[in-house]
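*Asks:* Here is how the chains run, residue by residue.
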Amino acid sequence: MSNFKAFKKGLKNGTPIFLGYLAVSFTFGIQAKSMGIETWQAALISATNLTSAGQFAALGVIASASSYIEMALTQLVINLRYCLMSSSLSQRFDTKMKSIHRYLIAFGVTDEIFGVSSAYEKENVPPAYCYGLIAASWPGWVLGTILGAVSGDILPTSILSALGVALYGMFIAIIVPPTKKNKVLLGIVVISMLLSLGFALTPILKEISSGFKVIILTLVIASAAAYFFPIKEDVHDE
Amino acid sequence: MNNIYLYMFIMAAVTYLIRMLPLALIKRKITNKFFKSFLYYVPFVTLAVMTFPAILSATDSVWSALAAFVVAMIVAYAGGGLPIVASVACVVVFAVELFI
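Each protein sequence line maps, in turn, to chains A and B.
The first sequence begins at 1 in the working numbering and counts up by one.
The second sequence begins at 1001 in the working numbering and counts up by one.
Chain A extracted, bound-state conformation (with noise of 0.2 Å):
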């Protein structure tokens, strides 16, 4: 595939994440509007860090005057999860690929990105298929961001609400339709699923910020499973 038609994928599946993100980081615009930074400052949060919960909990330390130290341990312990997302991808690039390209994409490993690169079809991910999902997401998380700050009623909440829901329709449409042909699959879903509600539900470990449960429930579900059914060579081209 040409780099222009990677590119092009990407920017189309990366709608959804443009939409999802343009309401969840409306909602950090307003709360980072509230607590005084301004609208400028907000989005350069956004543009920089392109990440939600570890925004959001950046607010938190900047309105107590913690200090810079505690700043790093937050997003470190907040973050963290995307080390694993980033392991894990950086084995879906071709071994010959430029570093440069490594060091770019490395910028837009959130979530969705990742959950979405590591949907494409082949082993290989393109990094212009990367490019484009980033060229789509990137300018949601700053704008809702701005238009957060700028006016909290300019989007109904009806818009908002609905709009909140994008990204884990998305995340469903990644892990589903493989499940299909992959009974290993499927339970691993399923399991990840429940065992992620048991967490929710359990007195001690719901007080467990959801980033280090994403930790936690990756490194033992997908431990056992690798260890029970190592996967066989031509996994990712079928």
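Hints may contain errors.
25 Å max Cα-Cα, derived BS3-like pairs, lysine-lysine [claimed, not checked]:
1. B/1036 <-> A/5
2. B/1033 <-> A/96
3. A/98 <-> B/1029
4. A/96 <-> A/9
5. A/96 <-> A/8
6. A/122 <-> A/8
7. A/122 <-> A/232
8. A/122 <-> A/98
9. B/1027 <-> A/96
10. A/232 <-> B/1029
11. A/213 <-> B/1036
12. A/122 <-> B/1033
13. A/232 <-> A/183
14. A/122 <-> B/1027
15. B/1036 <-> A/96
16. B/1027 <-> A/98
17. A/232 <-> A/181
18. B/1036 <-> A/180
19. B/1036 <-> A/181
20. A/122 <-> B/1029
21. A/180 <-> A/232
22. A/5 <-> A/122
23. A/9 <-> A/180
24. A/8 <-> A/98
25. B/1033 <-> A/232
26. B/1033 <-> A/180
27. A/5 <-> A/98
28. A/122 <-> B/1036
29. B/1033 <-> A/181
30. A/183 <-> A/122
31. A/12 <-> A/122
32. B/1027 <-> A/232
33. A/96 <-> A/5
34. B/1033 <-> A/183
35. A/183 <-> B/1027
36. A/96 <-> A/232
37. B/1036 <-> A/98
38. A/232 <-> B/1036
39. A/9 <-> A/122
To be clear, the hints were calculated from the coordinates, so they are not data collected in a lab.
Starting from the known structure of chain A, fit chain B onto it as the hints suggest.
*Replies:* For chain B alone, kept in the frame of chain A given last:
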């Protein structure tokens, strides 16, 4: 209040490093069967864990979210592509919330 720009720099730098280091350090294809399999399964577990039950609190009402979840699962299973499943989920939430 501390310097907001220093805060901004620290958060951006930490977040970028977490994302960048594995990509920069693991350049070869891993051949170890266990790690290879583990990394292959990672997206399925992370996305499933992040979707449920979090989706239930993503909208104004648990019921609209639950409806969107069920419909999205069905449409995805029936072969709807990514943009379709995502839009259908949004439409279901919007429609259900009109009636409750």
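*Asks:* Compare the structure with each hint and give your call.
*Replies:* Okay, the hints, checked on the actual structure:
1. B/1036 <-> A/5: violated, 29 Å
2. B/1033 <-> A/96: It holds: about 22 Å lies between the C-alpha atoms, which stays within 25 Å.
3. A/98 <-> B/1029: Since the Cα atoms of residue 98 of chain A and residue 1029 of chain B sit roughly 15 Å apart, the hinted pair holds (cutoff 25 Å).
4. A/96 <-> A/9: Distance of about 22 Å is within 25 Å: holds.
5. A/96 <-> A/8: holds, 23 Å
6. A/122 <-> A/8: Roughly 17 Å between the alpha carbons, so the hint for residue 122 of chain A and residue 8 of chain A holds.
7. A/122 <-> A/232: holds, 15 Å
8. A/122 <-> A/98: With Cα atoms ~19 Å apart, residue 122 of chain A and residue 98 of chain A stay inside 25 Å; holds.
9. B/1027 <-> A/96: Between residue 1027 of chain B and residue 96 of chain A the Cα gap is close to 9 Å, so the pair holds against 25 Å.
10. A/232 <-> B/1029: holds, 14 Å
11. A/213 <-> B/1036: Holds, because 22 Å separates the two Cα atoms, which is no more than 25 Å.
12. A/122 <-> B/1033: holds, 19 Å
13. A/232 <-> A/183: The given pair, whose Cα atoms are some 14 Å apart, holds under the 25 Å limit.
14. A/122 <-> B/1027: holds, 18 Å
15. B/1036 <-> A/96: Status holds; Cα separation ~19 Å.
16. B/1027 <-> A/98: holds, 10 Å
17. A/232 <-> A/181: holds, 14 Å
18. B/1036 <-> A/180: holds, 22 Å
19. B/1036 <-> A/181: Holds, because 20 Å separates the two Cα atoms, which is no more than 25 Å.
20. A/122 <-> B/1029: holds, 15 Å
21. A/180 <-> A/232: holds, 17 Å
22. A/5 <-> A/122: Since the Cα atoms of residue 5 of chain A and residue 122 of chain A sit roughly 15 Å apart, the hinted pair holds (cutoff 25 Å).
23. A/9 <-> A/180: Within the cut-off at roughly 24 Å; holds.
24. A/8 <-> A/98: It holds: about 21 Å lies between the C-alpha atoms, which stays within 25 Å.
25. B/1033 <-> A/232: Holds, because 9 Å separates the two Cα atoms, which is no more than 25 Å.
26. B/1033 <-> A/180: holds, 24 Å
27. A/5 <-> A/98: The hint holds at about 19 Å.
28. A/122 <-> B/1036: Holds: residue 122 of chain A and residue 1036 of chain B sit about 16 Å apart, inside 25 Å.
29. B/1033 <-> A/181: Holds. Residue 1033 of chain B to residue 181 of chain A sits at ~21 Å (cutoff 25 Å).
30. A/183 <-> A/122: holds, 20 Å
31. A/12 <-> A/122: holds, 18 Å
32. B/1027 <-> A/232: holds, 21 Å
33. A/96 <-> A/5: Answer holds: residue 96 of chain A to residue 5 of chain A is near 20 Å, not above 25 Å.
34. B/1033 <-> A/183: holds, 19 Å
35. A/183 <-> B/1027: violated, 30 Å
36. A/96 <-> A/232: Measuring from Cα to Cα gives roughly 23 Å; hence the hint holds.
37. B/1036 <-> A/98: holds, 22 Å
38. A/232 <-> B/1036: holds, 10 Å
39. A/9 <-> A/122: holds, 14 Å
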